[in-house]
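Colleague: The primary structure of each chain is shown beneath.
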Amino acid sequence: MDKMIYMDNSATTPVKKEVLQEMLPYFSEFYGNPSSVYQLSSKSKLAIDKARGQVAKGIGAKKNEIYFTGGGSESDNWAIKGIAYKHKEKGNHIITTKIEHHAVLHTCEYLQKQGFEVTYLDVDQYGMVNLQELEKAIKDNTILISIMFANNEIGTVQPIKEIGEIARKHKVLFHTDAVQAVGSIEIDVNEMNIDLLSMSAHKLYGPKGVGALYIRQGTRIDPLIAGGAQERNKRAGTENIAGIVGTGKAVELAYEHLEENNKRLVSLRERLIRGIQDKIPHVRLNGHPEKRLPGNVNFCFQFIEGEALLLSLDMVGVAGSSGSACTSGSLDPSHVLLSIGLPHEIAHGSLRLSLGLSNTEEEVDYVVEQLEGIVERLRKMSPLYDKVQGGNINVFRKSNGALHSAT
Amino acid sequence: MYSEKVMEHFTQPRNVGEIENADGVGEVGNAKCGDIMRMYLKIDGDVITDVKFKTFGCGSAIASSSMATELIKGKTVKEAMELTNKAVADALDGLPPVKMHCSVLAEQAIKSALVDYSKKSGVKIEGLEDVDFDDEHLHDLPEDEEE
Chain A
1 MDKMIYMDNS ATTPVKKEVL QEMLPYFSEF YGNPSSVYQL SSKSKLAIDK
51 ARGQVAKGIG AKKNEIYFTG GGSESDNWAI KGIAYKHKEK GNHIITTKIE
101 HHAVLHTCEY LQKQGFEVTY LDVDQYGMVN LQELEKAIKD NTILISIMFA
151 NNEIGTVQPI KEIGEIARKH KVLFHTDAVQ AVGSIEIDVN EMNIDLLSMS
201 AHKLYGPKGV GALYIRQGTR IDPLIAGGAQ ERNKRAGTEN IAGIVGTGKA
251 VELAYEHLEE NNKRLVSLRE RLIRGIQDKI PHVRLNGHPE KRLPGNVNFC
301 FQFIEGEALL LSLDMVGVAG SSGSACTSGS LDPSHVLLSI GLPHEIAHGS
351 LRLSLGLSNT EEEVDYVVEQ LEGIVERLRK MSPLYDKVQG GNINVFRKSN
401 GALHSAT
Chain B
1 MYSEKVMEHF TQPRNVGEIE NADGVGEVGN AKCGDIMRMY LKIDGDVITD
51 VKFKTFGCGS AIASSSMATE LIKGKTVKEA MELTNKAVAD ALDGLPPVKM
101 HCSVLAEQAI KSALVDYSKK SGVKIEGLED VDFDDEHLHD LPEDEEE
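Chains as they are written, first to last, in the working numbering: chain A, 1 to 407; chain B, 1 to 147.
Hints should not be assumed to be uniformly reliable.
Taking lysine-lysine and the DSS-like style, the derived pairs with C-alpha atoms no more than 27 Å apart in a straight line are [what the hints assert, rightly or not]:
| id | chain 1 | residue 1 | chain 2 | residue 2 |
| --- | --- | --- | --- | --- |
| 1 | B | Lys-32 | A | Lys-98 |
| 2 | B | Lys-73 | B | Lys-86 |
| 3 | A | Lys-3 | B | Lys-5 |
| 4 | A | Lys-63 | A | Lys-169 |
Which chain B residues face chain A? A few, computed with CB under 8 Å, are given here [what the hints assert, rightly or not]:
| id | residue |
| --- | --- |
| 5 | Gln-12 |
| 6 | Lys-42 |
| 7 | Gly-45 |
No lab work stands behind these hints, which were simulated from the structure alone. The C-beta atom is built at its ideal place from N, Cα and C for all residues, glycine as well.
With the hints as extra help, turn the sequences into a complete structure.
Modeller: Below, the structure is given as structure tokens:
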């Protein structure tokens, strides 16, 4: 295959043609600052208003509950810091999980240095939060629960509605980082009792550097960025009009075609999972077998290291990602893989293939075929593998079952 | 990210495998950190006549192992003792800063195999007693003072 096979759609997606078409006039034609009074600026104002409606409709919110931001990380920062600072008289305790995106984890760590108290909930072997543990963690001074909708690495989807119910019952605000979920999963912020929701446009075929934070009407929150009256005094800075237009269109398209897209993605996902499990021994599917993002596939390949796997895949035109330390720039492999109980040496051998709308069955089959050879080649080089062949190491099952001891 | 030389040694590594009845075998690194290197040496007189390796690790760990074996094959024990991690990295046209520890592992794997050879054969190798095998396996990470 000559063309690149892109299976890193959880990292980012290409901007859809229809989305780009909607955006283009707002660069050089309708460039007016929406805060101005003349006619040109009203074009910009109307465009933002339309996009706000599109995003709101996608998640079952009201238009005036959508605030555009500079992306998912900003939305996470704003939600958590904004609630923490505004409600610090009421309490200083925040509950989150060990498998959040760093935009949430690092924000919580920062708040800890400011005197806030943070509980990081454990997850089970599939990456699921335990609802009883969550309820037990709530204290009189708890002001916020922040739990991601779906995990970016292993794809596990949390019981958001149940978490929302618990939060509501205890009168604690509930924020969810839904960067991976918006456009992939049906969301209704009212039915799910979500008070704040972060999203990003570039994960759903929209542009980079733009996203939104949903804030339930009546929720008191401090702004993160000061300096202007934009976004109803809550988020200063001249609006990224083209980006906002693209965000609205991307959300609209994603939910218009949600069912058909997901049917296709799930079928590709299952084909890829089965292919890997059938062809390659000593592998483990990470994440929940059913409650997972439609396009997410995450495996550990024992006895080899993830970066070597990625480089080899890249040589045959396949783009994926890994939670190995060597790709994260730190000593430890992915915090998510460690949190689901994987030993370091197995977490180093992880591979995430996130499928998108452009992927085909042929591509999936090609990737499985290439992987089989690559894994075999790397294992032949691995000093850990010959111990296995000598029968010295117990290896884990091929299924999703519990891990056997690896050493 | 990697030089062409690194990629070439990663995709077509030299001297992969094992040597039966090797005169010296050494293993360094640990699986927890994500890299293990094992070196096998065949030594005739004071010349390294054959060398093989097995490595669990990233692209640069595999390339460093491959390059290190090439650099000492056919050389004397004394010359092998003089091989530095920098020489391995230079021969690969450089490694990214966070990957320099891979070349350190390669240097140590050779020395570890020489220790084994020295023990088995009773041949004393000058300089070997000074080698500090870094079990903690310090990765050379750039530090962020702000954290």
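Colleague: CA of Lys-3(A) to CA of Lys-5(B), is that 27 Å or under?
Modeller: Roughly 24 Å between the alpha carbons, so the hint for Lys-3(A) and Lys-5(B) holds.
Colleague: Given Lys-42(B) as an interface hint, is the shortest Cβ-Cβ distance to chain A below 8 Å?
Modeller: violated, 18 Å
Colleague: Does Lys-86(B) sit within 27 Å of Lys-73(B), going by the straight-line distance between their CA atoms?
Modeller: holds, 18 Å
Colleague: Within a Cα-Cα threshold of 27 Å, do Lys-63(A) and Lys-169(A) meet the stated pairing?
Modeller: holds, 26 Å
Colleague: Take the shortest C-beta to C-beta distance between Gln-12(B) and chain A; is it under 8 Å?
Modeller: Result: violated, 11 Å to nearest chain A Cβ.
Colleague: Using Cβ atoms only, decide whether Gly-45(B) comes closer than 8 Å to chain A, and label the hint accordingly.
Modeller: Constraint on Gly-45(B) not satisfied, violated at 28 Å.
Colleague: Against the 27 Å threshold, does the CA-CA distance of Lys-32(B) and Lys-98(A) hold or violate the hint?
Modeller: Holds, at about 20 Å.
Of the numbered hints listed earlier, those contradicted by the structure are 5, 6 and 7.
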